[in-house]
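**Q** Those protein sequences? They're chains F and W, same order as listed. FYI, the numbering for the first sequence is 1081 to 1336, going by the working numbering. FYI, the numbering for the second sequence is 498 to 748, going by the working numbering.
What the hints contain is simulated information worked out from the structure, not anything from laboratory work. Where is the CB? At the ideal position from N, CA and C, for every residue including glycine. Among these hints, one or two may not hold up.
Under the rule of at most 30 Å between Cα atoms (straight-line distance), these lysine-lysine pairs were calculated in the DSBU-like manner [said to hold, decoys possible]: (1) W:K630 - W:K526; (2) W:K630 - F:K1085; (3) F:K1085 - F:K1158; (4) W:K526 - F:K1186; (5) W:K542 - F:K1143; (6) W:K630 - F:K1147; (7) F:K1188 - W:K526; (8) F:K1147 - F:K1195; (9) F:K1132 - W:K712; (10) W:K682 - W:K577; (11) W:K577 - F:K1132; (12) F:K1264 - F:K1159; (13) F:K1132 - F:K1147; (14) F:K1132 - W:K682; (15) F:K1125 - F:K1147; (16) F:K1132 - W:K516; (17) F:K1187 - F:K1159; (18) F:K1187 - W:K526; (19) F:K1262 - F:K1308.
If you only want the chain F side, here are some residues facing chain W, beta carbon under 8 Å, derived [as the list claims (entries may be wrong)]: (20) L1130; (21) R1157; (22) K1158; (23) I1162; (24) G1166; (25) F1170; (26) Y1196.
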Amino acid sequence: MIELKNISITLNDNVILDDVTLNIEMGMNTIVLGPSGAGKSSILKIILGLWKPDNGEIIFEGKNVCKMTDDEILQLRKKVGIVFQGNALFDSLTVAENILYFLPGKKKLSENELKYKIEELLSFVNLSGTENLYPEELSGGMKKRVAIARALAFNPQVVLFDEPTTGLDPINTESILELIEKLKQNGTTSVVVTHILDDAIEVGDNFIVINEGKIVEAGSLEKILRSKNPFVNEFFKRFIEENHNPFIRISKEVNK
Amino acid sequence: MTRFQKMIFGLQEFSLLIKDIFAHLGSVKDNWTETIQEMYLIGTKSFFLIFLGGLFIGIILAIETGHQLETFGATAWIAKTVSLGMVRELGPVIAGLLLAARTGAKNTSELGAMQLSEQIDALRAFGASPVEKLVIPRTIAALVMFLPLTLIADIVGILGGMLVSNQTFHSDISVFWNTAVTSLKMKDLFVGFLKPIFFGFFIATISCYFGLTTKGGTTGLGKNTINAVVYSSALILVIDFIFTKVVWELL
Chain F
1081 MIELKNISIT
1091 LNDNVILDDV
1101 TLNIEMGMNT
1111 IVLGPSGAGK
1121 SSILKIILGL
1131 WKPDNGEIIF
1141 EGKNVCKMTD
1151 DEILQLRKKV
1161 GIVFQGNALF
1171 DSLTVAENIL
1181 YFLPGKKKLS
1191 ENELKYKIEE
1201 LLSFVNLSGT
1211 ENLYPEELSG
1221 GMKKRVAIAR
1231 ALAFNPQVVL
1241 FDEPTTGLDP
1251 INTESILELI
1261 EKLKQNGTTS
1271 VVVTHILDDA
1281 IEVGDNFIVI
1291 NEGKIVEAGS
1301 LEKILRSKNP
1311 FVNEFFKRFI
1321 EENHNPFIRI
1331 SKEVNK
Chain W
498 MTRFQKMIFG
508 LQEFSLLIKD
518 IFAHLGSVKD
528 NWTETIQEMY
538 LIGTKSFFLI
548 FLGGLFIGII
558 LAIETGHQLE
568 TFGATAWIAK
578 TVSLGMVREL
588 GPVIAGLLLA
598 ARTGAKNTSE
608 LGAMQLSEQI
618 DALRAFGASP
628 VEKLVIPRTI
638 AALVMFLPLT
648 LIADIVGILG
658 GMLVSNQTFH
668 SDISVFWNTA
678 VTSLKMKDLF
688 VGFLKPIFFG
698 FFIATISCYF
708 GLTTKGGTTG
718 LGKNTINAVV
728 YSSALILVID
738 FIFTKVVWEL
748 L
């Protein structure tokens, strides 16, 4: 389990996170939901140790990330992969080079082993045959899948997704969500930051709703939907209305 | 945060970057490809600019001093003036300023764009150090390449001065060259070739610092690129003054 206890962080006099406490269950998909600027992505950066909080602690495998040495942080980052919102692929490198760039011990692997590793990862994200293309030659959805393949190169226990479906068309969105589900079946824990309700509900097991740097609700979808918090009600309004509207419900069932 | 506090904070961050560079200097052996690539980019891509800069400064120096010395019938001194002026002062400073603009702007814009597109965060997130992967190769490349580039500016400047002196003031080419070379003492060469090493180090580190601290989208990137060139250029002039006044007197 990854635990965030009483995390607060202020950047340039702006409160980013205020006394945030949350638990991330291993082997489950945890969704961090909230509007833009709520502090969702900051949670991912804090889990990875990219940002150090002003107060509080992050416990991963029983160790406080805030008190880890640089070497321990490096070891932690090999267990946690991240898919950035803008993909953060290196423009000057091919797809294969992007995926292998961070691979530890790659110098010890033979060319055939590296080729097999690339093929395996690209096949997992349905991008076989693209190893020699450059990021500029890929579509938005393909770039996202390369970023996922890169995050998986380490065989991480946890994958952090920052707005994985934002800006993608429905087909690419669906393929990304399928990949997140596939990872869960393989035993990988995913933490997905998003503001898109439909995507969150499709892959989420646990939900954390955040607004203005504070957690306003956390738990299963049922618990969230029963919440009396006005912000949660407003955020989930459309979903609640659709699920209580018999015409929309029937139309969805017919479409299925 | 007030402007003064921001400046102190910036200096502190810059000092920490320099500390990190020295602490991880050994990593250069793992990043040879990047270092060689940067050396190529600084060396070959800046060659023509340095060649032109050195040539015209040498020519101008010869013309300006030649006209003054001609009135005393001392055109034989043009060679010494051009040679000492180029090797001790103008060669390193002109090469430094041109490279601050070219290499400094390149480093800041590249690293700044990487910072804005989260590529720097990606490096950190996947367990790589941006200082080792990006800053040290650029610093080593600048340290290695600035010296030969300055040497080129010096030689081309003296040759330019020699041609102009021959055409305009009818100086003998072999006498000019002989005077230019023999008037240079070891102290002149030492100071003239030590400067580019300091210039290279500060241009690379300042430009990388501004690149890594870029925020605020394309406007912020433009602002930081300008700052990198301005601060590097100003520091070149300050270091040049320190060398001319303090180091020269100490030697």
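**Q** Evaluate each hint against the coordinates.
**A** Comparing the hints with the structure gives:
1. For a cut-off of 30 Å, the pair hint linking K630 of chain W to K526 of chain W stands: about 11 Å separates their Cα positions.
2. Between K630 of chain W and K1085 of chain F the CA atoms are separated by roughly 33 Å; this puts the pair beyond 30 Å, and the hint is violated.
3. Distance check on the hinted pair: K1085 of chain F and K1158 of chain F sit about 23 Å apart at the alpha-carbon level, within 30 Å; holds.
4. With a CA separation close to 16 Å, the supplied pair K526 of chain W and K1186 of chain F stays within the 30 Å bound.
5. Of the supplied pair hints, the one linking K542 of chain W and K1143 of chain F is violated, its CA atoms being roughly 49 Å apart against a limit of 30 Å.
6. Using a Cα cut-off of 30 Å, the hinted pair K630 of chain W and K1147 of chain F holds, with the two alpha carbons roughly 25 Å apart.
7. The straight-line distance between the Cα atoms of K1188 of chain F and K526 of chain W is roughly 17 Å, inside the 30 Å bound, and the hint therefore holds.
8. A hinted pair counts as satisfied when its Cα atoms are at most 30 Å apart, and K1147 of chain F with K1195 of chain F does not qualify at roughly 38 Å.
9. Among the hinted pairs, K1132 of chain F with K712 of chain W is consistent with the structure: their alpha-carbon atoms are about 18 Å apart, no more than 30 Å.
10. A C-alpha spacing of about 11 Å is found between K682 of chain W and K577 of chain W, which places the hinted pair at or below 30 Å, so the restraint holds.
11. For the suggested pair K577 of chain W and K1132 of chain F, the alpha carbons sit about 59 Å apart, so the restraint of at most 30 Å is broken.
12. The suggested pairing of K1264 of chain F with K1159 of chain F holds, with an alpha-carbon distance near 15 Å, which does not exceed 30 Å.
13. With a CA separation close to 10 Å, the supplied pair K1132 of chain F and K1147 of chain F stays within the 30 Å bound.
14. Only pairs whose Cα atoms come within 30 Å are accepted, and K1132 of chain F paired with K682 of chain W is rejected, the gap being roughly 55 Å.
15. Only pairs whose Cα atoms come within 30 Å are accepted, and K1125 of chain F paired with K1147 of chain F is accepted, the gap being roughly 16 Å.
16. Our distance criterion of 30 Å between C-alpha atoms is met by K1132 of chain F and K516 of chain W, whose separation comes to about 20 Å.
17. At most 30 Å may separate the alpha-carbon atoms for a hinted pair to count; K1187 of chain F and K1159 of chain F meet this at roughly 20 Å.
18. For the given pair, K1187 of chain F sits about 14 Å from K526 of chain W by alpha-carbon distance, which is consistent with the 30 Å threshold.
19. Of the pairs offered as hints, the one joining K1262 of chain F and K1308 of chain F is violated, with about 34 Å between alpha carbons and a cut-off of 30 Å exceeded.
20. For the restraint placing L1130 of chain F at the interface with chain W, the shortest Cβ-Cβ distance is roughly 6 Å, inside the 8 Å limit, so the hint holds.
21. Using the Cβ-Cβ criterion of 8 Å, the hint placing R1157 of chain F at the interface with chain W is satisfied: the shortest such distance is roughly 4 Å.
22. Taking 8 Å as the C-beta contact cut-off toward chain W, the hint placing K1158 of chain F at the interface holds, the least distance being around 6 Å.
23. The restraint placing I1162 of chain F at the interface with chain W holds, with a minimum CB-CB distance near 5 Å, inside the 8 Å limit.
24. With 8 Å as the threshold, the beta carbon of G1166 of chain F comes within range of chain W, its nearest partner Cβ sitting at about 5 Å, so the hint holds.
25. The criterion of a C-beta within 8 Å of any C-beta in chain W is met by F1170 of chain F, whose closest approach is roughly 6 Å, and the hint holds.
26. Below 8 Å, beta-carbon pairs count as interface contacts, and Y1196 of chain F has none with chain W, the closest being about 21 Å; its hint is therefore violated.
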